[in-house]
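Peer 1: Sequence:
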Amino acid sequence: MFDPDDASLTTFVGRYIAEALDRDVPAEVIDRTKIHVLDGLIAIVSGSSLRPGQFARRFVEKRATRGESTVAGTGLRTSPEMAALANGMFAHADETDDTNDLSRMHPGASIIPGTLAVAEDRDRSGAHFLKAVVAGYDVGCAFPLAVWEPGRTLRQSVQSTHGIGQLFGAMAGAAALAELSIEQMCHVLSYTAQQASGFSALFRDTEHTEKAFVLGGKQAHNAVTAVEMVSMGFTGVPDILHRSPSLFDAWGTRGDPEDLRSRLNNHFEVLNCDIKRYPVGMPIQAAAQALEEMLAEHKTETRDVVKVVCRLPSEKAHIVDARPMPDINVQYILTIMLEDGRIGFNAAHDYARLNDPDVQRRMELVQLIHDPALDSKSASDTTRRAEIELTLPDGRLLEHRVDPPFGTRLNPIDWPGMALKAHDVLGELLPAEQIDALISSVQRLEDLPSIRDLRPLILTNEA
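Residues in the sequence shown are numbered consecutively from 62, following my numbering.
Where hints are given, some of them may not hold.
Unchecked claim - Simulated pairs of lysine to aspartate or glutamate, EDC-like, Cα-Cα distance not exceeding 16 Å:
id	residue 1	residue 2
1	Lys368	Glu450
2	Lys438	Glu400
3	Lys368	Asp514
4	Lys368	Glu400
5	Lys360	Glu460
6	Lys368	Glu448
7	Lys368	Asp455
8	Lys438	Glu376
9	Lys360	Glu450
10	Lys360	Asp401
11	Lys360	Glu400
12	Lys368	Glu425
No wet-lab data here; the hints were simulated from the structure.
Build out the structure end to end from the sequences listed, making use of the hints.
Peer 2: Structure, rendered in structure tokens:
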């Protein structure tokens with residue numbers, strides 16, 4: 062007989078999710094969650110226009126069933142699990158989405174699409190959607206820190222931390238809105254654990270399509286599927302987190318299951334997440350900000366820069382070193398910033414420009430140094446920092462360091478910064494007034510009687 066009051070870890074987590082909609086959440090956390098919701102919607106809508114997003118759209122259109130969950134950028138409505146798949150792939154079709162460096166994951170790419178799909182399907186209010194997203198970030202970001210030893214062990218794991226954190230986070234957000242019993246929540250945890258999968262070979266993807274699936278769509282789809290199955294009466298193992306063999310026996314290295322209980326009792330994990338100011342990979346953010354600030358200060362002098370030295374943490378530099386995708390190639394991004402004075406969304410995704418011989422020659426002026434001195438010093442430290450040196454034609458050297466960059470947990474982005482990002486990223490896809498309406502609606506999300514009110518705001522000109 063199931064005891065909803067037992068002290069086991071599985072029941073504790075199940076209860077945490079089941080009580081999410083009734084939990085008091087501080088105003089600061091609600092405001093930060095709204096910012097991450099807006100960021101997720103920006104990534105979803107913009108990603109719908111990119112090649113991985115177009116693949117996902119065609120896949121879902123051919124297999125669509127009737128439903129109330131919107132495929133962003135389109136007028137299509139389908140089942141929640143298929144909408145979660147498409148919108149999740151849209152969200153990580155490039156590098157616009159948020160991250161959590163402590164948990165090594167992209168929470169918004171799965172938690173926002175999965176939670177949104179179920180919220181639409183069940184016609185939930187904006188207030189309930191917000192609290193479900195809070196629970197999704199709490200559970201999702203806490204899981205990797207319990208499954209792996211935090212710090213270097215977690216960051217260097219070949220097993221997919223995203224396949225744990227984003228999967229369980231999307232499940233928690235979706236399950237909170239399904240209003241299951243504590244016993245059913247325990248069953249959902251088991252169905253979710255059985256779908257944990259993935260390893261780091263995905264980072265060899267050269268077109269961001271498999272990445273979009275693994276770091277976005279797959280986790281959202283599988284999480285929502287688990288919730289929908291249990292909602293329809295599927296039963297399962299009630300003790301997947303605390304009885305051997307458990308999730309912790311199968312996954313991770315030197316983790317501590319009880320750390321999950323501690324984190325859920327004491328943290329709002331959305332406060333530990335990072336938002337990218339620019340639509341490029343997170344390891345480039347500090348370097349891009351440093352160069353942007355140098356361009357603003359020395360505008361005329363940097364036009365004819367003869368050499369750029371970029372120092373990044375050795376733990377992260379390889380992710381963006383001469384990669385074949387423009388938005389995660391630091392040499393390319395710094396080169397186009399020198400040419401354009403900014404990072405435009407289209408330029409950051411321009412494969413033709415990346416491979417242009419003139420641009421390639423200009424990129425040779427950018428030297429990337431994998432610098433161990435910039436690596437994190439502890440499990441709670443960050444790798445979000447960079448140093449830029451510019452050599453001018455007269456031999457002068459300009460230097461600038463950014464630590465931490467704007468948008469990260471140690472230097473959070475504000476609403477004006479989010480508005481700037483929204484217009485920068487979505488300006489080619491949506492009218493300015495629609496972007497402003499989207500921002501305004503998310504700012505007052507708790508007042509929306511139905512999350513479906515957002516539907517017209519996430520359609521593109523191509524819909």
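Peer 1: Could you tell me which of the numbered hints above are not met by this structure, giving the numbers in increasing order?
Peer 2: 2 and 3
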